[in-house]
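Visitor: Below, each chain spelled out in residue letters.
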Amino acid sequence: MAALSILTCSACGRLDAGPRDMCPACAGALTSMPVEGAGTLVSWTVIRRPPKSFREHGAYCIAIVDLDAGVRITGRLRNTPAHAALGERVSLVGCQDRIPVFALDR
Amino acid sequence: MRRVLVAGIGSTPFGRHGDATITSLALHAAGAAIAESGLDRARIGSLYLGNFIAGPLTGQEVLAGLVADGLGLAQIPCTKVEGACASGGIAFRHAYLAIATGLCDVAIAVGAEKMSHADTASVTAALNCAMDNAADGVSGLTFPGLFGLAARLYGERYGVGRAELSAVVRKNKGNGLRNPLAQMGATLRDEEIEASPQICDPLRLYDCCPVSDGAAAVVLAAADLHAELTAQPVEVAASVQTRGSPRIGGHRDLCSFDATVSAARQAFATAGIEPRMVDLVELHDCFSIAEIIDAEDLGLIPRGESAAWAREGRTGVGGDRPINPSGGLLAKGHPVGATGIGQIYETVLQLRGAHPNQVRDAAFGLTHNLGGTGVACTVNILKRLDA
Numbered sequence: 001m002a003a004l005s006i007l008t009c010s011a012c013g014r015l016d017a018g019p020r021d022m023c024p025a026c027a028g029a030l031t032s033m034p035v036e037g038a039g040t041l042v043s044w045t046v047i048r049r050p051p052k053s054f055r056e057h058g059a060y061c062i063a064i065v066d067l068d069a070g071v072r073i074t075g076r077l078r079n080t081p082a083h084a085a086l087g088e089r090v091s092l093v094g095c096q097d098r099i100p101v102f103a104l105d106r
Numbered sequence: 001m002r003r004v005l006v007a008g009i010g011s012t013p014f015g016r017h018g019d020a021t022i023t024s025l026a027l028h029a030a031g032a033a034i035a036e037s038g039l040d041r042a043r044i045g046s047l048y049l050g051n052f053i054a055g056p057l058t059g060q061e062v063l064a065g066l067v068a069d070g071l072g073l074a075q076i077p078c079t080k081v082e083g084a085c086a087s088g089g090i091a092f093r094h095a096y097l098a099i100a101t102g103l104c105d106v107a108i109a110v111g112a113e114k115m116s117h118a119d120t121a122s123v124t125a126a127l128n129c130a131m132d133n134a135a136d137g138v139s140g141l142t143f144p145g146l147f148g149l150a151a152r153l154y155g156e157r158y159g160v161g162r163a164e165l166s167a168v169v170r171k172n173k174g175n176g177l178r179n180p181l182a183q184m185g186a187t188l189r190d191e192e193i194e195a196s197p198q199i200c201d202p203l204r205l206y207d208c209c210p211v212s213d214g215a216a217a218v219v220l221a222a223a224d225l226h227a228e229l230t231a232q233p234v235e236v237a238a239s240v241q242t243r244g245s246p247r248i249g250g251h252r253d254l255c256s257f258d259a260t261v262s263a264a265r266q267a268f269a270t271a272g273i274e275p276r277m278v279d280l281v282e283l284h285d286c287f288s289i290a291e292i293i294d295a296e297d298l299g300l301i302p303r304g305e306s307a308a309w310a311r312e313g314r315t316g317v318g319g320d321r322p323i324n325p326s327g328g329l330l331a332k333g334h335p336v337g338a339t340g341i342g343q344i345y346e347t348v349l350q351l352r353g354a355h356p357n358q359v360r361d362a363a364f365g366l367t368h369n370l371g372g373t374g375v376a377c378t379v380n381i382l383k384r385l386d387a
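Those sequence lines, one after another, are chains A and B. Numbering of the first sequence is given in UniProt numbering, commencing with residue 1 and proceeding in unit increments. Numbering of the second sequence is given in UniProt numbering, commencing with residue 1 and proceeding in unit increments.
Just so you know, these hints were derived from the structure itself, not from any lab. The model shown is predicted, which means the values in this text are computed figures rather than measured ones. Some hints could be false.
So the derived label-pair ranges between C-beta atoms look like this [stated by the list, open to error]: (1) A/C12 <-> B/G38: 52 to 60 Å; (2) B/D386 <-> A/R98: 56 to 64 Å; (3) A/A29 <-> B/E312: 47 to 55 Å; (4) B/G161 <-> A/H57: 23 to 31 Å; (5) A/D66 <-> B/E312: 31 to 39 Å; (6) A/S5 <-> B/L205: 35 to 43 Å; (7) A/G70 <-> B/G272: 39 to 47 Å; (8) A/E88 <-> B/G319: 32 to 40 Å; (9) A/H57 <-> B/R2: 48 to 56 Å; (10) A/R55 <-> B/E228: 52 to 60 Å; (11) A/N79 <-> B/A121: 17 to 25 Å.
Backbone N, C-alpha and C fix where the C-beta goes; we use that ideal spot for every residue, glycine too.
With the hints as extra help, turn the sequences into a complete structure.
Guide: As structure tokens, this is what we get:
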């Protein structure tokens, strides 16, 4: 499974999906930490009318994922599913232009 | 803090204004508000202007100074405020504070936006300035997308869906039909809503507010000036502004906005009333699902029941919790920077008993303006002077 880089606070240990300049809880320094790209699907939608900078992507599927590591991130679902149940297991399959891309585990 | 009155209101219709500049729209609304108040413009001690995207869409900034100059105001502080879709509400609150704290006796809040000349992709891109573009924006998420995500989660959690979203759309479009300022009133059948194009599943075109031009303005005055006012004033019982997470991942729940919850709690505490005492609400229905969520966040309807209330007609003008009798953003339109002040305009008309969709014997009205991904929120409670 592909790994994802998130941030952890060296002072209080808080995790953050980033990017951030300092820990929002204690202003401590943040360092990156690799985590497994496994998680559950919180919700998803299909953007059928993309803004200018994403026009060349055509319609695409946005997913909110709760990583098992304990942070919530905004990414994409590979392929637009006919149906994806909320709470379904997903895994990171790669990144496209810095965007984490997930696929349903089934 | 001193008591503050809304002394005069003005608004352009919301919709397409072709060749009119954003400045001329703002001047039209502000001039009407000043004239109605009966107060000499020389007494205005500060101006706050709410606007979101005049820079990218019209190439015009310094709107606060331009509008003050056009109105012939004195050399007073003129400030443009920006809080995405809550810009107008924030301008109102700052004008309120200027008087409540005794900095001046009369202030004006103006909101304006000009959007309809731009193509949809440019408008979507400009609106995306309200997202944390280092965090969520990179994914290609849009505002319709954010509310599509919320609609799917809300629908699954509470077992509701198209029928309830459509009930909100039908009500607000119907209310808009009777509001002369509204851009897109309509009598819609569920089949027409269901046949409209998908925008961000499960949201369809009719679930989304239109792109609009427009301006609204209110003159605020210290309560001691009551005897000099020529229009029926209403009192600002509370004016609250809060912040929430700019990031999707920072919200505890996709079906709730913390900024709304905390603003509403503070507003009710300040006004000294219970949510059930509110006679009408003008809230931020940028999308149909937003009305359902906002009503719960504001504490007006129990969590998880808002969709059913919409379906049962309880949020109509004659219902037990009238929401958006103006038609809301869905029908009246959403000239972003003007919206929060347009909500005040509508609520003042209600409390004067002069609204085209009058709620019977309205004494308390609440307005709710939400910016970005819930990053900024204002909640105001207005009351009739005899309430």
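Visitor: Determine for every hint whether it applies to the structure shown.
Guide: These are the hints, each one checked on the structure:
{"no.": "1", "hint": "A/C12 <-> B/G38: 52 to 60 Å", "result": "57 Å, holds"}
{"no.": "2", "hint": "B/D386 <-> A/R98: 56 to 64 Å", "result": "59 Å, holds"}
{"no.": "3", "hint": "A/A29 <-> B/E312: 47 to 55 Å", "result": "54 Å, holds"}
{"no.": "4", "hint": "B/G161 <-> A/H57: 23 to 31 Å", "result": "28 Å, holds"}
{"no.": "5", "hint": "A/D66 <-> B/E312: 31 to 39 Å", "result": "34 Å, holds"}
{"no.": "6", "hint": "A/S5 <-> B/L205: 35 to 43 Å", "result": "38 Å, holds"}
{"no.": "7", "hint": "A/G70 <-> B/G272: 39 to 47 Å", "result": "41 Å, holds"}
{"no.": "8", "hint": "A/E88 <-> B/G319: 32 to 40 Å", "result": "38 Å, holds"}
{"no.": "9", "hint": "A/H57 <-> B/R2: 48 to 56 Å", "result": "54 Å, holds"}
{"no.": "10", "hint": "A/R55 <-> B/E228: 52 to 60 Å", "result": "56 Å, holds"}
{"no.": "11", "hint": "A/N79 <-> B/A121: 17 to 25 Å", "result": "24 Å, holds"}
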